[in-house]
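Asks: Chains as they are written, first to last, in this note's numbering: chain A, 2 to 301; chain Y, 2 to 516.
To be clear, the hints were calculated from the coordinates, so they are not data collected in a lab.
Ideal Cβ positions, reconstructed from N, Cα and C, are used throughout, including at glycine.
Any given hint could turn out to be false.
[Said to hold, decoys possible] Chain A regions said to be covered by chain Y (calculated; three or more residues, Cβ under 8 Å):
1) 106-119
2) 179-193
3) 280-289
Next come the chains, spelled out residue by residue.
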Amino acid sequence: MRSSRRRSGGLRGLPAALALAAASIGAAAEPSFYATRVAPLLDRHCVVCHGPDKQKAGLRLDRHELVLAGAESGVVVVPAKLKESELYRRITLPVTDEEVMPSDGKPLLTPDEVKVIALWIERGASVTAPASAFPDAPAPRPVRAAAVALAPDWRSRVAEIAALERRLGLRIVPRSQVATDGLVLRTASAPRRCDDAAIAALAPLAPFLVEAELARTAISDTALVALRTWENLRTLDLTRTRVTTAGLAALAGHPRLEVINLTDTAVDDGAPAALARLPALQRTWLFGTKAANEAAAAGR
Amino acid sequence: MNRAELHDPSLCSDHGGESPGVWHLPHVPAGLKREWLALETRRHFLGRGMRALGAASLATLLGRAGPGLMARPAEMAGAPGPHFAPKAKRAIYLFMAGSPSQFETWDYKPGLAKMFDQDLPESVRGGQVLTGMTASQARFPIAPSVYKFSQHGRCGLWASELFPHTARLADDLCVLKSLHTEAINHEPAILQLTTGNMFAGRPSMGAWLSYGLGAANEELPTFVVMTSKMPVRTNVQALSNRLWSSGFLSPEHAAVALRAGGDPVLYLNHPGGVDGEMRRALIDGVNALNRQLYDEVGDPETNARIAQYEMAFRMQTSVPELTDFSNEPASTWDLYGPKAKEPGTYAYNCLMARRLAERGVRFTQVFLRTWDQHSNLPTNIRLMAEESDRPTYALVTDLKRRGLLDDTLVLWGGEFGRTVYSQGTLRPDNYGRDHHPRCFSMWLAGGGVKPGFSYGETDDFSYNIVKDPVHIRDLHATLLHLFGLDHSKLSFKFQGLDQRLTGVLPSRVIDAILA
Numbered sequence: 002m003r004s005s006r007r008r009s010g011g012l013r014g015l016p017a018a019l020a021l022a023a024a025s026i027g028a029a030a031e032p033s034f035y036a037t038r039v040a041p042l043l044d045r046h047c048v049v050c051h052g053p054d055k056q057k058a059g060l061r062l063d064r065h066e067l068v069l070a071g072a073e074s075g076v077v078v079v080p081a082k083l084k085e086s087e088l089y090r091r092i093t094l095p096v097t098d099e100e101v102m103p104s105d106g107k108p109l110l111t112p113d114e115v116k117v118i119a120l121w122i123e124r125g126a127s128v129t130a131p132a133s134a135f136p137d138a139p140a141p142r143p144v145r146a147a148a149v150a151l152a153p154d155w156r157s158r159v160a161e162i163a164a165l166e167r168r169l170g171l172r173i174v175p176r177s178q179v180a181t182d183g184l185v186l187r188t189a190s191a192p193r194r195c196d197d198a199a200i201a202a203l204a205p206l207a208p209f210l211v212e213a214e215l216a217r218t219a220i221s222d223t224a225l226v227a228l229r230t231w232e233n234l235r236t237l238d239l240t241r242t243r244v245t246t247a248g249l250a251a252l253a254g255h256p257r258l259e260v261i262n263l264t265d266t267a268v269d270d271g272a273p274a275a276l277a278r279l280p281a282l283q284r285t286w287l288f289g290t291k292a293a294n295e296a297a298a299a300g301r
Numbered sequence: 002m003n004r005a006e007l008h009d010p011s012l013c014s015d016h017g018g019e020s021p022g023v024w025h026l027p028h029v030p031a032g033l034k035r036e037w038l039a040l041e042t043r044r045h046f047l048g049r050g051m052r053a054l055g056a057a058s059l060a061t062l063l064g065r066a067g068p069g070l071m072a073r074p075a076e077m078a079g080a081p082g083p084h085f086a087p088k089a090k091r092a093i094y095l096f097m098a099g100s101p102s103q104f105e106t107w108d109y110k111p112g113l114a115k116m117f118d119q120d121l122p123e124s125v126r127g128g129q130v131l132t133g134m135t136a137s138q139a140r141f142p143i144a145p146s147v148y149k150f151s152q153h154g155r156c157g158l159w160a161s162e163l164f165p166h167t168a169r170l171a172d173d174l175c176v177l178k179s180l181h182t183e184a185i186n187h188e189p190a191i192l193q194l195t196t197g198n199m200f201a202g203r204p205s206m207g208a209w210l211s212y213g214l215g216a217a218n219e220e221l222p223t224f225v226v227m228t229s230k231m232p233v234r235t236n237v238q239a240l241s242n243r244l245w246s247s248g249f250l251s252p253e254h255a256a257v258a259l260r261a262g263g264d265p266v267l268y269l270n271h272p273g274g275v276d277g278e279m280r281r282a283l284i285d286g287v288n289a290l291n292r293q294l295y296d297e298v299g300d301p302e303t304n305a306r307i308a309q310y311e312m313a314f315r316m317q318t319s320v321p322e323l324t325d326f327s328n329e330p331a332s333t334w335d336l337y338g339p340k341a342k343e344p345g346t347y348a349y350n351c352l353m354a355r356r357l358a359e360r361g362v363r364f365t366q367v368f369l370r371t372w373d374q375h376s377n378l379p380t381n382i383r384l385m386a387e388e389s390d391r392p393t394y395a396l397v398t399d400l401k402r403r404g405l406l407d408d409t410l411v412l413w414g415g416e417f418g419r420t421v422y423s424q425g426t427l428r429p430d431n432y433g434r435d436h437h438p439r440c441f442s443m444w445l446a447g448g449g450v451k452p453g454f455s456y457g458e459t460d461d462f463s464y465n466i467v468k469d470p471v472h473i474r475d476l477h478a479t480l481l482h483l484f485g486l487d488h489s490k491l492s493f494k495f496q497g498l499d500q501r502l503t504g505v506l507p508s509r510v511i512d513a514i515l516a
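Excised from the complex, chain A in its bound form (with noise of 0.2 Å):
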């Protein structure tokens, strides 16, 4: 947190929501501990009922200075003063007291959240005070990764999509509501419709298929080649197909596949060193075949 004055190059470092805040701000200012840790507490705990919809007690809790102008019954945040800060007493009371805040049985502030909270007041309840000038507040939360893209959006081929759905018999639904979050094939409804032709068929929407799910399908070997060429695929159940070691040894280098499930297949013992071949792969199941033996070798 010392970088603050680098160039956005510099805050490689930085937790992520640090870096967003820093960037919005502009490189040259650093983001201060009321903006980026403050604030987002008081939003999630607090705002519901002391913000722009409601104002419970005549308090505010969404603008920093409506924080410090406190309730009908008075200032609630006492710079420096936390003893004096009601805001404080109430988030330290225990979930018994009938005055605890946040109350109707929300869920309280964690003891991290608190003490972000009582560092905050202790050192004056300054809206510009830098995140760095709090060495000692607990680690903010790991902010998750923003979402990464699987696969292209597929948004725009939704006719085309539907298309092949109806003369292939099967379905091509969204993972998620998420655009990018891809495409999966699922052939539970019918999976003997589903064989080497209709996978061969699928090749144009292939950038957008995450996942396969080709349980007792009829593919073969055959269609395992044309997996190959899906090179956003990630999940691949093969369970009860006719594939063998041969058809695995024609994904080799795939680059992304991660879970691939081979129960009940025809492979052998020649699996595992087939497996081997797929960079990406972190899960794998091999339960019924002649390579189940080999499968905790290869699979964990």
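Following the hints, position chain Y against chain A.
Replies: Just chain Y now, with coordinates in the frame of chain A:
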């Protein structure tokens, strides 16, 4: 693709025109026609837009349109779909109705051994109102577990000797010790767990998932319930379709209950003298009549009815295949044990649950009841544990070795806890325990929960929660989260409210148990 924007209207054009409506029925007096139209509700009005969809679905069944896109009407209405990428694709809820005591299962309280027959301190009970079954007791004597505990797995889970098989799963389980509920009797408590509300009439968890995610396999119901044969014949809990109903959601989201004996689904077999073609013609006829009714009245429930006939027809082929265990390898029977060959047993139902999971059924709920040990607890809980332990272990192990556990959430538990004090006479080797809503234990496995983990703590008497309480609403919010659904967004407009599984009271996803 089952998204509204993917829906190809051209497929439905032969049914999309305006209906002649009530005015064209020659035999209906004009006054009655006016009254009828006046009664047409907003729902009927809005429902008319759905009419074409039901017809298209029927067309699919009859082979007039390609399969796949044209599925069941509710799916085409556009299931809200996962809000974010899911961890779990399916769940199997092993519901131990009657409520196993936490003291003899997963909440080890070694300190109680020295307190045998001492009175429960009044400060612990804190003036709590008790059930009529023990409120009049002169004393509340502490009853330590007669069963011993030992540690298992790398995580060191304390497990009771009643569950030697399940204990071997220690490093796969996520044990919650701090669930709590408001309900103190079975029916409301079971309802609250299954539907989120103590009053009957709400959609159950499986129905919400069906509504939110649609079907992964259109040949089978999205939500299946099985009730197991009872090992004990006392204190039997009533289990009924209140617990697996679709409530105010479309009826097709309700569970199909597979029967314990005889045909798993009634009337799927052709009756004597009736062949498949005649059955098909009958269903076509009924559906045509229903479609005509729908054209006149526009009640969406008519479409649900058509969908149910279609589902029944599809189940005529999918259910015999599902229930034919003859292709199971010897390793299956070695794992589940010989009882799994007897339809209706808990062991059979556990194996069936695995087969349903393989086929993409989203939510399977297996009930095993008579855990309600108000008296003779030591004997009866042992009988129950013997019934439950091995098949439960077998199911989780089977899912795991087949690569299904990663995206199948398994839940095992009852509807509330039991009291630390004995109901009735306390002897060193015999006692009973009353209902206790303030804390109870449950375990989860797979489906994106943290393995080899325990969450929540109770006090020395397992009477009050001292750390990390989990309300049933929190469990529901977490379950939906694992399926990629935001519990605050998954809603259905009914009685003027955006109804949700978690209701309107505060609820949270338990982040700490997410893997």
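Asks: Which numbered hints does this structure break?
Replies: none
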